[in-house]
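Protein chains: 2
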Amino acid sequence: MTDYIGYIAGFLVSFALVPQIIRVYKLKSAREISVLYNSGMLLGLFLWLAYGIILGLVPIIVWNIIGAILAALLLLAKLKYGR
Amino acid sequence: MTDYIGYIAGFLVSFALVPQIIRVYKLKSAREISVLYNSGMLLGLFLWLAYGIILGLVPIIVWNIIGAILAALLLLAKLKYGR
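Keeping their order, the protein sequence lines are chains C and L.
Going by the numbering used here, the first residue of the first sequence is number 1, and it counts up by one from there.
Going by the numbering used here, the first residue of the second sequence is number 101, and it counts up by one from there.
Hints are not guaranteed to be accurate.
Stated by the list, open to error - The calculated DSSO-like cross-link candidates involving lysine-lysine, where the alpha carbons are at most 27 Å apart (straight line), are:
#, chain 1, residue 1, chain 2, residue 2
1, L, Lys126, L, Lys178
2, L, Lys128, L, Lys180
3, L, Lys126, C, Lys28
4, L, Lys180, C, Lys26
5, C, Lys28, C, Lys80
6, L, Lys178, L, Lys128
7, C, Lys26, L, Lys128
8, L, Lys126, L, Lys180
9, L, Lys128, C, Lys80
10, C, Lys28, L, Lys180
11, L, Lys178, C, Lys28
12, C, Lys78, L, Lys178
13, C, Lys78, L, Lys180
14, L, Lys126, C, Lys80
15, C, Lys78, L, Lys126
16, C, Lys26, C, Lys78
17, C, Lys80, C, Lys26
18, C, Lys26, L, Lys178
19, L, Lys126, C, Lys26
20, C, Lys28, C, Lys78
21, C, Lys28, L, Lys128
22, L, Lys128, C, Lys78
23, L, Lys180, C, Lys80
These aren't lab readings, by the way, just hints derived from the structure by calculation.
Computed from a predicted structure; not experimentally measured.
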C-alpha cells in the first residue's frame, strides 16, 4: 500500500522533468538550464538510488533510475544547445 | 549512516531547483515552466512526504518538505511572470 504512494509520487515528480526536456529540445534553447546544478541533481539522484537500494525501497529505486535518465537527457540538451 | 546518504541526496536534488527559481525571477520569464507539470510535481512531493512519514524515513520527510516549498515558489513565479 505504502509502495503505491511511492510509485505515484515518483511518477508525478519524475515526469515533471519531461515537459522541461521537451521544451528545451523544441525551443533549441537551454538558457535556463544550469550545468552545475543539473550535474548536482544527477549525483543526488544516484545517492537517492543508493539510499533506496540499501533500505530496499523499491519505489525509490525505480524512480531514481528513471529520474537519473531524465536528468542526463537535460544535461545532454544543455551541452547540445549551449546557452 | 544510510540517513546521511539520504540527506546529501536530498540536498543535491532539492537545491537543483534553486538556480531555476533564481533565473526565472531574475529574467522575469517563466516561459519554460509548465503550470500543469509543476502542480503535478508539487502533488508528487506531498505524496513522497506521506510515504516518508508512513515509513519514518527522516531524510525523505525533510527534503520533500523543502522540495514542496521550492516547487511552490516556482509555481508562484509562473503565475507572476506568465509566459
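**OP:** Could you work out which earlier hints the structure fails to respect and list their numbers in ascending sequence?
**Re:** Number 23 - this is the single hint that the structure violates.
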